[in-house]
Every structure is written in structure tokens, then in C-alpha cells.
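Chemist: Those sequence lines, one after another, are chains A and B.
Each residue of the first sequence is one higher than the one before, starting from 1 at the first, in my numbering.
Each residue of the second sequence is one higher than the one before, starting from 293 at the first, in my numbering.
These are calculated hints, taken from the structure and not from any lab test.
There are no misleading hints in this set.
Pairwise CB distance ranges (calculated):
no., chain 1, residue 1, chain 2, residue 2, range
1, A, L89, B, G600, 50 to 60 Å
2, A, F198, B, A349, 24 to 34 Å
3, B, S330, A, I119, 52 to 62 Å
4, B, E386, A, S95, 26 to 36 Å
5, B, E425, A, F198, 17 to 27 Å
6, A, R203, B, R602, 52 to 62 Å
7, A, A285, B, D319, 43 to 53 Å
8, A, L89, B, L595, 53 to 63 Å
9, B, L595, A, S95, 46 to 56 Å
Note that the coordinates shown come from a computational prediction; the quantities given were computed from them, not determined experimentally.
Cβ coordinates follow ideal geometry from the N, Cα and C atoms, glycine included.
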Amino acid sequence: MTSQRDWRGLLFVAPFLLLYSVILIFPLLRGLWLSLNQVDLFGHGHFVGAGNYAQLFQDPVFGTSLVNTFEVTLMIVPVLTVIALALALALNRASRSAAVFRGIFFSSAVLSVTIVTLIWRFMLAPDAGFLGYVAKAFGTEPLPFLSDQSLVLPALAITTIWWSVGFPMLLFLAGLQQIPADMYEAAALDNAGRWTTFWRITRPSLGRTLVLVVMLQTAAQLQLFGQSQLLTAGGPSGASRTAVLFLFETAFGRWELGYASAAAEVLFLLILAVTLTQYWATGRATAAGDGR
Amino acid sequence: MASLELKGIRKSFGATPVLGNVDLTLDAREFVAFLGPSGSGKSTLLRIIAGLETADAGEVWLEGRRIDPLPPGDRGVAMVFQHYALYPHMSVRENMAFGLRNARVPKDEIERRINDAARVLEIEPLLNRKPAEMSGGQRQRVAIGRALVKEPKLFLLDEPLSNLDAALRLRTRVELAQLKQRVEAAVIMVTHDQAEAMTLADRIVVMNDCKIQQVGPPMEIYTRPANAFVAQFVGSPAMTLAHAQMVGTGEYATLKLGDGTEIATRVGRDQLPQWANLRVGLRPEMVRVGGRGKGTAKAKAELVERLGERTLVYARLRDGQPITAEDEGDSRVKIGDEVSLKIDGAAAHVFDADGTGYHGAVA
Numbered sequence: 001m002t003s004q005r006d007w008r009g010l011l012f013v014a015p016f017l018l019l020y021s022v023i024l025i026f027p028l029l030r031g032l033w034l035s036l037n038q039v040d041l042f043g044h045g046h047f048v049g050a051g052n053y054a055q056l057f058q059d060p061v062f063g064t065s066l067v068n069t070f071e072v073t074l075m076i077v078p079v080l081t082v083i084a085l086a087l088a089l090a091l092n093r094a095s096r097s098a099a100v101f102r103g104i105f106f107s108s109a110v111l112s113v114t115i116v117t118l119i120w121r122f123m124l125a126p127d128a129g130f131l132g133y134v135a136k137a138f139g140t141e142p143l144p145f146l147s148d149q150s151l152v153l154p155a156l157a158i159t160t161i162w163w164s165v166g167f168p169m170l171l172f173l174a175g176l177q178q179i180p181a182d183m184y185e186a187a188a189l190d191n192a193g194r195w196t197t198f199w200r201i202t203r204p205s206l207g208r209t210l211v212l213v214v215m216l217q218t219a220a221q222l223q224l225f226g227q228s229q230l231l232t233a234g235g236p237s238g239a240s241r242t243a244v245l246f247l248f249e250t251a252f253g254r255w256e257l258g259y260a261s262a263a264a265e266v267l268f269l270l271i272l273a274v275t276l277t278q279y280w281a282t283g284r285a286t287a288a289g290d291g292r
Numbered sequence: 293m294a295s296l297e298l299k300g301i302r303k304s305f306g307a308t309p310v311l312g313n314v315d316l317t318l319d320a321r322e323f324v325a326f327l328g329p330s331g332s333g334k335s336t337l338l339r340i341i342a343g344l345e346t347a348d349a350g351e352v353w354l355e356g357r358r359i360d361p362l363p364p365g366d367r368g369v370a371m372v373f374q375h376y377a378l379y380p381h382m383s384v385r386e387n388m389a390f391g392l393r394n395a396r397v398p399k400d401e402i403e404r405r406i407n408d409a410a411r412v413l414e415i416e417p418l419l420n421r422k423p424a425e426m427s428g429g430q431r432q433r434v435a436i437g438r439a440l441v442k443e444p445k446l447f448l449l450d451e452p453l454s455n456l457d458a459a460l461r462l463r464t465r466v467e468l469a470q471l472k473q474r475v476e477a478a479v480i481m482v483t484h485d486q487a488e489a490m491t492l493a494d495r496i497v498v499m500n501d502c503k504i505q506q507v508g509p510p511m512e513i514y515t516r517p518a519n520a521f522v523a524q525f526v527g528s529p530a531m532t533l534a535h536a537q538m539v540g541t542g543e544y545a546t547l548k549l550g551d552g553t554e555i556a557t558r559v560g561r562d563q564l565p566q567w568a569n570l571r572v573g574l575r576p577e578m579v580r581v582g583g584r585g586k587g588t589a590k591a592k593a594e595l596v597e598r599l600g601e602r603t604l605v606y607a608r609l610r611d612g613q614p615i616t617a618e619d620e621g622d623s624r625v626k627i628g629d630e631v632s633l634k635i636d637g638a639a640a641h642v643f644d645a646d647g648t649g650y651h652g653a654v655a
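Build out the structure end to end from the sequences listed, making use of the hints.
Modeler: Shown next, in the form of C-alpha cells:
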């Protein structure tokens, strides 16, 4: 009786389980298996065990791409979060103009990465770009954003921030609207100034949204790829090559699928580790902060 | 010395007027209730006093100082919000200290005031808890405590009991009454519950239609309602209002109801406008079931409410006029019964076409 009931129950979840296995579990395991083989698109390859991983850790190109990835993520996430929060605070009102500006600031988020990089290529090009004109108008030399090794990651970061600011702004706006109006009225009667009100009322109420935004953005920017490939193709001399771009070049440029899979597994574990650390740290901070 | 003075307060939201020319003066340490239905402007008036809303015109004075140009925090008022508005991420202690810290009150003084308030309100064991970890009644006490520690010149309570269940509401009502004896400040409470207003307030301000309808002590509001609105809004169940015509002669007016019943009131005949369309107002306790002779009416019971110590009979006179009467707790009246009603004319109220009330000398 019991086993029969179990089977019938399984029937209900079978469609989901099937899809889940085929499109998630299988590729995951297949990738793991690939990373243990030396394999290209045509041959079947052969098992090399941890060979790919050993080679990866000695590969300076992979190392540089990881450093680039973390650097650009560190440039993007804090600035993006602060700008998105500032925009949300400024635009959290019922006026018509605020609605228009909310639309404008969100609009960049619906563009494809191709268009975004095209726009920013025009903006950043030193001789004919908009920033070039601005620099010349102020009588200074335009900065060679896309050809200078030390400027190319900031250029990627600026492009990405411009592109991605809409969604976090929306999350913050949603968070702000959850805060009851009478809380601010109580604060006004409690003699709280603007800064005190923000720091003691708004910020703690937005805590969970802030954690969500930082975690989502960190995980997303550690996978930064399109901007780097389309804007600079990883150049100059690998200064803007990110980990996913390295993966892409290895897999679909040099056809070393096993090696690329190993790099993918390493990146996956790194992102997982970073996200879990953030989760753990903010969990401790909120536990200490509000005791709930 | 007057505590709060409102002079010619006007307010409208867009084209909708909310308050038209409100004047009011509170005595020192007076407990005043703003009583009125939803949309009567009572909450708006409270928010204008608190500084959360700006009046279109008029002045607000508190203990000789004009406060309407000041921000809410500088007015010397404290407010208890309907939904408490406690800061969810702060402990009870921090909630109470927040306003004092912003006002740069010395630390040991803050500590002293919090401990005093916590003792009075019996919330000492809760001081380190967060609002989410407390019941509705406990939050209510904390909200009162947060107002108390500010030692304001005026307390503003916005429907303070409306979020509590019936039993807790009664208990908190008693506690508010005790609290009123302790504080040095005046108190304004907004409510739509007349029992709260009657039991707690020194004076009631009845509001409706953007205006103050009547200001007075609870019993005066009940026994001498200024107009038909106040008469019907205060008192439960509501006063019966029946159209009537003046008949006969004599010092006092005698009024004849639609079914022919004559009621000998104690309202002076000369006081009443001669041609007006008059209505007579009868509280349920002035209309007793049973009795014979002059001033009795025949009616048919439509609904009988047994409340234990008394019974309410909702009936209709022969001309279709609804009337509410009272009977003993063990009344034997059933729905559909023909009953005779003895009307105490001496306590009857009379209202003219504008709704203005006239009352007998003894009432």
C-alpha cells in the first residue's frame, strides 16, 4: 500500500524531474566528466584525471583572467549598488517626472549587450568618441580607454554599470515602498534629521534588499563576458580577458573542450564560494544587528 | 492657561474641503476626544497639530507659543500612531531612546525616563525585545511609552485602541484613564468609538462634514446634543428622530407624531420656530414598553435584542415610523408582537428644519 502510494506520488513530479535531469543534472555531470578528459569537438578524447586542473593552475592566461574578473567585479558591484540606491531614493515619489526618470534609468537594462557595447565604443573611442570630445573641449588629451591596459577594466566597469543599473534600482524601489509611511512620520516627530532618518530607518529596512542586490550582482559580474568580448576582445594583450571569455576562447577558439570544462568548474566553485561567504557574513551581521 | 489653541484652521485636499475654519481651545491637562465618522476631518486635524500635514490657513498655538511653522519634532508634541509605527529593527529601549537622542537629552536622563516609563507601563521585561517579538497589546504599551518619555506638552493619540481585541481594548481603556491622571500634559485622542470618547474624555469634540458640530463634556453631548447629527451619532443604539407637528397651546410645546401620538415636551413653545418642519428626538430609554393612556403609542416589534440587563425593541409605529424602545431584561416581547410604548415627553428633544436641537429644562 505504502509503496504503491509512493509511486503514484512520484508520477506527479515525474515531468519536472525528467526536465530537471535532462537540462540541469545531466549537463552538470557531463561537464564534470569532460573536465577530466582531454577532448576536442571531433574525437572522443581520453581520460586524463586531474590533468586539466593541474595544467590550469600553471596557466598564466587563466590566472590573469581570474584576476581581471575579480578586479572588474570589485569595481562594478559597490559603485553599481550605491548608484542604484541613490537613484531609487531620488525617484521614490509619486510625481510624474519621477515616473519618467524611472523609465529612463531602467531603459538601458532592456538593451542587448551588442547595442550597449556599440554605444560605449562610440562613447569611449579616443579620437571620435564622445568622451574624447569632452576631453578636448576642456583642453586635455583624450584618454585611450580601450587601448590602455590600465584603463580598459574601468572602461568595462563603466559600460556594465550603465547597462545594469536599472534592475537593482527597481529592487531598491520595491524595498523602499515596503517601508510604512507612518515610520517616517514617527521619525519626524522624533526629531530625526534627513541623515538620521536614512541611516536609522531606511537603511536597516532595506537590509535584505541590499544583500540580495550585492549577491545577485556579484554572481552576475563574475560571469562578465559579452562586454569584454565585443568591446575589446579581451585586449589589449589580455588586460580585459575575463574568466568566461577565457572559457569561450578555449572551447570554441582552440576547441579544447575538456580544458575549458575544467576552467568552468573552477569558476563555478569560486562563484559558489563567494556567494556562500557573502550569505554567511550577512546572515551573521543581521543576526547581530536585529536579533531576528 | 490654555494648552492648545486652534485659530481658523482650514484644509482641503485638491478640490475636496476637509476642514473649514476650525477654532478650538484646550485647557491645561485636559483630555479631549475628537469623535466623528470616517472622513469627518478629525485625523487630518490631529495631523495638522502634529505637523504631519500643513493647514491651508490658520494658526496652532501650544502653551503660548505658535507652533504651526515649526517642524514636527520641535513642537513639543508626542503621538501614538494607530498602527504603532514602532521601528522594527530597534529594541524597545532603542525605540524609546531614539527621539531623546535626536534631541540631545543627556544619557543618564534618557535612562531615567525610559526606566520610569517602563515601570509605569509594566514593560520592563520587554525592554530588550524587538517589536516583532511582542503581542499587539505589548506594542501598544511601547508606543505609549515612546510618547511618554518625551515628556511632551501635548499627547496625540490616533485611534489608539482600534487595533486591539475587545477584551484588551477595555483593559487598555482603563489604563489610559489611569495614565491621564499621571501626566502633566493635555491629551487629544481621535476616535470613532463613542464609548471610548465618553469614558476617557473631559470634553468631546464631535466632528462631521469638515466642521466641529459640538464641544462639551460627555454628558452634555449626550443629554443636550446641539444638532440632529450629534444626537444620532452619540448614543447606542441611535436616537429615534420622528417628524412631528406642534399642536395645542401652553407654555411647553406639545408635538404630534405621524400616527397621532401626542408628546408633551418640556421645550418652551416660544423657543421653537413656528412654521418649521420639526422632528422629535427620543432616546431608547425614554421609550418604555408597556403602559397606557396619554403619551402612549402602539407599535409592532420588528426586532428584539436581548442584552441581559435590558432588552431593546426595534418597532414601527402605525404610520411606518421606526422607533427604538427599551424593556426589562426578562422582556416577553417577540418579533411581530403589537406593543404599547410609553414615551417620556419631558426628556424628549426637538430639532428644527436646520437640525438645531432644543432641549427641555430638566433634560
